[in-house]
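Undergrad: Work out the full structure, taking the sequences as your base and the hints as a guide.
Number of protein chains: 2
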Amino acid sequence: MKKLMQCVPNFSEGRDKETIEKIVESFRNKDKVKLLDYSFDTDHNRLVVTAVGEPHELKNAVIEAIGKAIELIDMTTHKGQHPRMGAVDVVPFIPIKNVTMEEAIAVSKEVAQQVAEKYGLPVFLYEKSASATHRENLSMVRKGEFEGMTEKMKQADWQPDFGPARPHPTAGCVAIGARMPLVAYNVNIGTNKLEIANAIAKNLRHMGGGLRYCKAMGVELKEREMVQVSMNLTDFTRTAIYRAHELVRIEANRYGVPIVGAEIVGLVPMQALTDTVEYYLGLENFSVNQVLETNLME
Amino acid sequence: MKKLMQCVPNFSEGRDKETIEKIVESFRNKDKVKLLDYSFDTDHNRLVVTAVGEPHELKNAVIEAIGKAIELIDMTTHKGQHPRMGAVDVVPFIPIKNVTMEEAIAVSKEVAQQVAEKYGLPVFLYEKSASATHRENLSMVRKGEFEGMTEKMKQADWQPDFGPARPHPTAGCVAIGARMPLVAYNVNIGTNKLEIANAIAKNLRHMGGGLRYCKAMGVELKEREMVQVSMNLTDFTRTAIYRAHELVRIEANRYGVPIVGAEIVGLVPMQALTDTVEYYLGLENFSVNQVLETNLME
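Those protein sequence lines, which keep their order, are chains S and Z.
Going by my numbering, the first sequence opens with residue 59, and the numbers climb by one from there.
Going by my numbering, the second sequence opens with residue 59, and the numbers climb by one from there.
In case anyone wonders, no lab produced these hints; they're calculated from the structure.
Just so it is clear, the structure is predicted and the values come from calculations on it, not from any experiment.
Hints may be right or wrong, so weigh each one.
Cβ-Cβ distance ranges computed for the label pairs, FRET-style [said to hold, decoys possible]:
id, chain 1, residue 1, chain 2, residue 2, range
1, Z, R296, S, K137, 49 to 57 Å
2, S, S97, Z, G138, 53 to 61 Å
3, Z, A164, S, H264, 19 to 27 Å
4, S, H264, Z, K75, 50 to 58 Å
5, Z, P316, S, H114, 46 to 54 Å
6, S, T134, Z, T158, 53 to 61 Å
7, Z, H264, S, S197, 29 to 37 Å
8, S, S345, Z, R296, 21 to 29 Å
9, Z, T191, S, P316, 18 to 26 Å
Computed footprint of chain S on chain Z; a stretch qualifies when at least three of its residues, placed anywhere within it, have a C-beta under 8 Å from a C-beta of chain S [what the hints assert, rightly or not]:
id, segment
10, 330-339
11, 344-350
With a Cα cut of at most 27 Å, we get these calculated DSSO-like pairs of lysine-lysine [unchecked claim]:
id, chain 1, residue 1, chain 2, residue 2
12, Z, K176, Z, K90
13, Z, K167, Z, K155
14, Z, K88, S, K60
15, S, K60, Z, K155
16, S, K137, S, K80
17, S, K61, Z, K92
18, S, K60, Z, K90
Glycine is no exception: its CB is placed at the ideal position from the N, C-alpha and C atoms.
TA: Listed below in structure tokens is the structure:
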């Protein structure tokens with residue numbers, strides 16, 4: 059059974075095409091690694107790469123890409139709208155197929171140790187790899203950003219898991235860890251009242267007493283004269299798409315407004331879709347191996 | 059873009075393991091051909107092989123397998139519960155990925171011509187490849203079975219499309235053609251009254267005024283004390299799973315009985331499942347390319 063892991067490293071360069079290509083190059087023409095996508099933009103000044111591969115080969119490609127980013131990106135002159143603390147800002151490893159979360163955590167720690175030693179880069183383990191609860195959430199780790207990390211790392215609570223106790227002079231710090239695949243799921247509501255979307259979102263999200271693996275916020279779709287409950291499902295194996303969807307419907311009912319559409323943004327694992335089919339059709343004994351395409355992937 | 063076609067040839071041998079292995083061998087260790095499944099049983103005395111591959115390579119593997127079956131199977135002594143007219147009974151080609159129905163029809167005709175010339179086997183084109191309406195339906199083509207084909211082929215209406223106008227002495231005749239992937243979909247109904255399942259099935263199927271690409275019959279599930287509407291969806295791109303499902307629900311309503319479960323039997327193309335998700339969630343602008351696994355198949 060082929061093992062497949064995904065990695066979605068974020069780099070702090072969205073403008074210089076030459077640098078971007080050099081970083082992305084680490085994921086091209088590699089045996090057992092596939093570059094699925096890369097996108098960058100000027101405003102955020104950020105590059106997001108999506109690659110999958112056999113865990114060991116993927117690990118080596120990621121280490122190579124991190125090396126190039128450290129060499130080519132200078133954070134002392136970096137400006138952009140997206141919060142960031144390093145040339146390589148965050149490196150999540152995601153189990154996809156025949157890989158456990160434990161294996162993804164192990165790979166993330168190997169990468170952390172190697173880039174710390176090889177490049178003198180301080181690494182914070184985050185998400186499922188975090189060494190303490192207060193370091194699980196990326197936004198907590200990154201708080202202070204590149205410019206504030208020197209001060210922050212003087213605190214006992216914010217010593218890195220690997221590498222020196224001060225930021226790399228030009229490359230800053232990096233967060234590396236393992237997490238579940240994230241499903242970005244939005245439901246459109248037939249009203250132009252943003253407060254309704256906000257109220258529904260509040261009841262949906264974990265923080266508001268809602269679903270354990272759901273983050274949610276209200277968004278206005280001005281041109282379409284409707285609003286949206288915009289969600290991130292951070293573990294679709296436990297908080298399924300259909301459950302979030304039906305709960306939005308139930309909450310919308312109290313305002314007498316209907317669901318008028320929905321969207322999945324970006325990539326979604328097949329299992330998240332088959333779970334949805336199983337629910338709505340009431341399928342018994344269905345297995346992802348019954349999907350014809352699954353049998354073609356080996 | 060890699061082209062993928064499926065073939066599900068049926069052979070009249072379900073007992074002699076040695077013969078079965080020799081036939082199946084044609085689909086093993088072939089470049090660009092993958093054996094997905096093969097199953098056989100003593101009662102039906104029949105072997106069903108499921109293989110996918112690049113159309114040209116798949117075609118060659120199928121021609122090889124047909125040759126072996128003609129060599130090894132003697133229909134003059136064949137007995138089994140399943141209707142059959144030849145050592146190779148039926149050979150459907152199914153477009154899967156980046157392949158049009160027209161291409162599948164072309165491949166089926168190439169195979170038909172080549173096995174007729176090479177092995178002296180009479181071939182009837184059926185389904186989408188049929189040369190006349192009365193030859194589209196396999197059960198019409200096969201009527202009379204091996205023992206009756208000599209007489210049947212004396213009729214002007216039943217001349218083969220390729221090969222001699224009489225059955226091969228030991229291998230009989232074969233039907234070769236192209237068709238859409240078939241989805242076997244069953245819905246369980248919370249009653250033990252078979253007549254209710256039969257009445258629902260009658261209203262669902264094309265023949266009874268129901269859905270264009272739906273065959274349906276009522277089945278009793280004695281041990282579970284329920285009944286089932288058992289369906290074959292012969293073109294899921296036009297008669298979607300969800301539409302059949304919801305129509306069963308609507309028909310069941312009139313008897314005051316609920317749907318209590320459902321099952322997909324065997325393989326199902328991913329598109330049939332994503333269509334279902336799109337319907338129930340009301341997804342906008344969803345593409346099968348958003349399924350992570352799709353990107354891993356190239």
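Undergrad: For every hint, state whether the structure bears it out.
TA: Evaluated hints:
no. : hint                        : in the structure
1   : R296/Z - K137/S: 49 to 57 Å : holds, 54 Å
2   : S97/S - G138/Z: 53 to 61 Å  : holds, 58 Å
3   : A164/Z - H264/S: 19 to 27 Å : violated, 55 Å
4   : H264/S - K75/Z: 50 to 58 Å  : holds, 56 Å
5   : P316/Z - H114/S: 46 to 54 Å : holds, 51 Å
6   : T134/S - T158/Z: 53 to 61 Å : holds, 56 Å
7   : H264/Z - S197/S: 29 to 37 Å : violated, 56 Å
8   : S345/S - R296/Z: 21 to 29 Å : holds, 26 Å
9   : T191/Z - P316/S: 18 to 26 Å : violated, 46 Å
10  : 330-339                     : holds (count 6)
11  : 344-350                     : holds (count 4)
12  : K176/Z - K90/Z              : holds, 24 Å
13  : K167/Z - K155/Z             : holds, 20 Å
14  : K88/Z - K60/S               : holds, 20 Å
15  : K60/S - K155/Z              : holds, 22 Å
16  : K137/S - K80/S              : holds, 20 Å
17  : K61/S - K92/Z               : holds, 20 Å
18  : K60/S - K90/Z               : holds, 18 Å
Hint compliance for this structure: hints 3, 7 and 9 are not met, and every other hint is.
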